[in-house]
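Protein sequence lines, in the order shown, are assigned to chains A and B. Quick note, the first sequence lines up with residues 1 to 311 if you use full-length UniProt numbering. Quick note, the second sequence lines up with residues 1 to 650 if you use full-length UniProt numbering.
With a straight-line cut-off of 35 Å between C-alpha atoms, the simulated DSBU-like cross-links for lysine-lysine are:
1. A:K156 x A:K92
2. B:K282 x B:K70
3. A:K244 x B:K554
4. B:K649 x A:K156
5. A:K156 x B:K483
6. A:K171 x B:K46
7. B:K493 x A:K143
8. A:K156 x A:K304
9. B:K225 x B:K207
10. B:K649 x B:K488
11. A:K113 x B:K483
12. B:K615 x B:K549
13. B:K207 x B:K138
14. A:K244 x B:K483
15. B:K555 x A:K244
Covered stretches of chain B, going by a simulated chain A footprint (3 or more residues, C-beta under 8 Å):
16. 478 to 485
17. 630 to 642
Chain A is nowhere near these chain B residues, computed Cβ spacing over 12 Å in every case:
18. P336
19. E351
20. D499
By construction, these hints were calculated from the structure, which means they are not laboratory data. A virtual CB, placed ideally from N, CA and C, is assigned to each residue, including glycine.
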Amino acid sequence: MAVQLMQEMWQGEISTVTIGAVKEEGGSRAYSIKIGGEQSLPCLFKEGAIPNKPEIAFEIWDIAPNDWPSELSKEYGHALNDPFLWAEKCVKEYKARSLCVRLQGAHPDSGDKGPGEEAAFIRQLLDKVNVPLIILGTGDDTKDNLLLPACSEAAKGERCLIGSAVQDNYKTIAVSLLADGHNIIAESPIDINIAKQLNILISDMGLPLERIVINPTIGALGYGLEYAYSIMERARLAALSGDKTVASPFVCFVGQEAWRAKEAKVEDSRQGVMWEVLTATALIQAGADLLVMRHPLAIEKVNKYIDKLCS
Amino acid sequence: MNKFKVTFYPDNKSVEVIKDTTILSAAISCQVFINSACGGDGVCGKCKVIVKKGSVVTVPTGALTPEEKKKHVYLACLTTIHSDLEVDIPPESKMEIDAGLKDIYANSEEVESEEVVSSDKIFKHSPLSTKLYLELPKPDLNDSLSDLDRLYRAINKAQGLPRTTESHGAKPVVRGLPPIQTSMANIRQLGELLRDSDWKVTATLGKRNNSIEIILVEPGDTSAKNFGFSFDIGTTTISGQLVNLNNNQVLGTKAAYNKQASFGSDVITRIIYAKEEEGLEKLHNAVSETINHMIKELASEYNVDLNDVTCIVCTGNTTMIHLLLRIDPTYIRREPYVPTANFIPVLRATEAEININPRGLLYCVPGVSSYVGGDTTSGVLSSALYKEKDLSILIDIGTNGEIALGNQDFIVASAASAGPAFEGSGVVCGMRASSGAIQKVKINHKDLSVSYDTIGNVKPRGICGSGYISLISEMLSAGVIDKSGKIKLENNKRLRTTDTGREFIAAFKEESDSTRDVVITEADIENLKRAKAAIYSATAILIKHIDFKISDVKKIFIAGGFGTSLDIESAIKIGLLPDLERKRFSFIGNSALAGAREILLSSQAVKEAENIARKITYFELSTDSGYMDEYMAALFFPHTDLLRFPSLKI
Chain A
1 MAVQLMQEMW QGEISTVTIG AVKEEGGSRA YSIKIGGEQS LPCLFKEGAI PNKPEIAFEI
61 WDIAPNDWPS ELSKEYGHAL NDPFLWAEKC VKEYKARSLC VRLQGAHPDS GDKGPGEEAA
121 FIRQLLDKVN VPLIILGTGD DTKDNLLLPA CSEAAKGERC LIGSAVQDNY KTIAVSLLAD
181 GHNIIAESPI DINIAKQLNI LISDMGLPLE RIVINPTIGA LGYGLEYAYS IMERARLAAL
241 SGDKTVASPF VCFVGQEAWR AKEAKVEDSR QGVMWEVLTA TALIQAGADL LVMRHPLAIE
301 KVNKYIDKLC S
Chain B
1 MNKFKVTFYP DNKSVEVIKD TTILSAAISC QVFINSACGG DGVCGKCKVI VKKGSVVTVP
61 TGALTPEEKK KHVYLACLTT IHSDLEVDIP PESKMEIDAG LKDIYANSEE VESEEVVSSD
121 KIFKHSPLST KLYLELPKPD LNDSLSDLDR LYRAINKAQG LPRTTESHGA KPVVRGLPPI
181 QTSMANIRQL GELLRDSDWK VTATLGKRNN SIEIILVEPG DTSAKNFGFS FDIGTTTISG
241 QLVNLNNNQV LGTKAAYNKQ ASFGSDVITR IIYAKEEEGL EKLHNAVSET INHMIKELAS
301 EYNVDLNDVT CIVCTGNTTM IHLLLRIDPT YIRREPYVPT ANFIPVLRAT EAEININPRG
361 LLYCVPGVSS YVGGDTTSGV LSSALYKEKD LSILIDIGTN GEIALGNQDF IVASAASAGP
421 AFEGSGVVCG MRASSGAIQK VKINHKDLSV SYDTIGNVKP RGICGSGYIS LISEMLSAGV
481 IDKSGKIKLE NNKRLRTTDT GREFIAAFKE ESDSTRDVVI TEADIENLKR AKAAIYSATA
541 ILIKHIDFKI SDVKKIFIAG GFGTSLDIES AIKIGLLPDL ERKRFSFIGN SALAGAREIL
601 LSSQAVKEAE NIARKITYFE LSTDSGYMDE YMAALFFPHT DLLRFPSLKI
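My request is simple: use the sequences and hints to build the entire structure.
Listed below in structure tokens is the structure:
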């Protein structure tokens, strides 16, 4: 007798966020990417539609990173010193589908570049590469409130994903992204309640829930991965059960966390790459929609994994 | 013994203390109130003082920075006095509630109180103590009963009881009747008293643990003057009522802040403090002083002689009752959290150092467990929840929020530590529901002008609990704050940023009866948000625990010292109360005090209260794995899960 498979039917759906605007939409990207849109839990293709594969963005910086382990930095070589070269290398050589630029140079402790300078940099970057762009601020609230509005304006019409908005600092960022047509990253400290609250607060500002991407904050393998996994799983279950306030796609900063692990800092070893791959694949199973990663080899392996999973 | 004089500035108050007294104890003994959240454990670092002159000995602490040490800053609780001292108390170390309203400790105040007693439950009038005027037949050779038996006979006759002819001993017993007893002091003076008063006397009878005690025999007829007090001893607020025991009339109601607050704002820090040297005595004295002060004031305002006050009923949480009776509360805090006594026999009020008639009685309403006390019992009694057919809930909003859920068949209760914000403490312009308190607010959505109602329709002095609920709800609607409670408004004359953060001005000082603007700060909103989250989440968990849904609750009784009004709509809007049909709610005021008064006035109510206390099952929230999650989710206006508040359309 054939076994009847139990199937869960969900009433909720994750919103679909489009990053990047092509010419017809008022931008200058060659294409746009879509994330989210799931109607079922990750990998359960029979229970509901999973229209979009997880996307990976290459992380680049506006200044040369000084704390990246050699195993990671040697991969990019002198391109690290020139963000435009770095960006082009990612797109041309590694076939990056999207880029995530971190404006570390604007941080008060590492250069303190002005908003005008960074905004001009963003505009130039958008002119040099034509893939969808994710823009990250410094994490310093006061600085981000000056920096991100300027960058948002410089990238007006390009439908970028910009962040991060946090519970104590979301208003200024939300207002400018709303005006310039971008999407927002809402960051919460591994806390489903704060994730929901921040989504509500941002949508109260007029920025629709459909333009929010949740950064649930993650830990790398061995550094709280399970905790992050369970929070993402709980949020996803709530969203699929009909809670719209948490039905946003997830962006996970895998590279940043994986390469902080001491195990990833072993020289002349692929351990760091494996750390990044394992962290990424686990989070894909938890429901990650967009992964921001660092090592080209790790990205290549995870892309293969995604293709196998979704075929 | 070395005695030193310590002077505190800027209050300019002095006290003489012995060597090795801590600065904190010295301050308390001269009514200078220093912040001490940890109760003097040297942990919280809130009691910083500056020693201007004199020598002290202190213990190392991490709570002071090297700069502070250089400036002679010490922690008052860790520093002992070794010479005459001059001590400066910086503003941040003054107790917050003291900073808000200077006279807060000075006096008790008349409060508005609204109590709804359900109509189908009126207990038979039989107060804890009654006065009986007796004209005794003079003894002669044919009727040669002893004086005491003569008195007993007259009492039984007056009460319609069969005559007892037993002539031996002090306790004649008639089957089915409570035995009468009296003390030696009364007997010794009886012979002379009866003859001096020409056999016309008034006997005060008290119901004391299944027997009747002749409390007092007085010459002449004083039976028209028989008064009692009911008290609700809260962690933050003590409310008391003077009642005419002959006709059940409430003469006056007052409330005062519990002076124990200077030893810590919650019960746990006070329990810890009780272990300090003389800590228990100090805590006991603080509460008995507060009560005696209120008794004295009420009695003199209504021309009542304290000798005519023959009994008092106190209710309160278990820790408060322990401290009132000077019982060591230590084991309340220690696993497995067992109080020394839940049921306290009827005592003499002097045993708790309460000053009424020296032979007057004190009854404490029985409690349930360490954290659900007599206040819950008396609340359940006065709300008549124990008689409801449908599932009902009583939510008593106080520092220790108590929640009782059940009906005529069962009752479960929990305590939620909400903090004193709704009682007007720990918030900048907070005050009790007394004259001049803003209790209702309207904010114009266009120009953000604020209109308000104050208690007594006088100029505003501060904001009481119901005022805060209404104000936050209005600030949410008008877009002054976001749902997390942060002020989102920019550039408005009502908005101000100070050293301590952002604040919204509810009443400018020109329109208020205070030297400063009446404001609500972001920190106040945070405090109130935590308080409402504690109450809401405890309610939700308790209902879930017995496998019901919130919507299954048919009647919701809201109790608390909110004065005459609590706007249920606003309370739902901020997420303090669950979103249910509005007609299911009723606001019943200070239900604990009302229950204590019913107990004072009827022995039936005493029996009922004892039954209720035995019937209630205690549920410990902290052992429920879901409580923390519920609490975190409730830290939002109205709630992180907006689907629970469908009627608000947000």
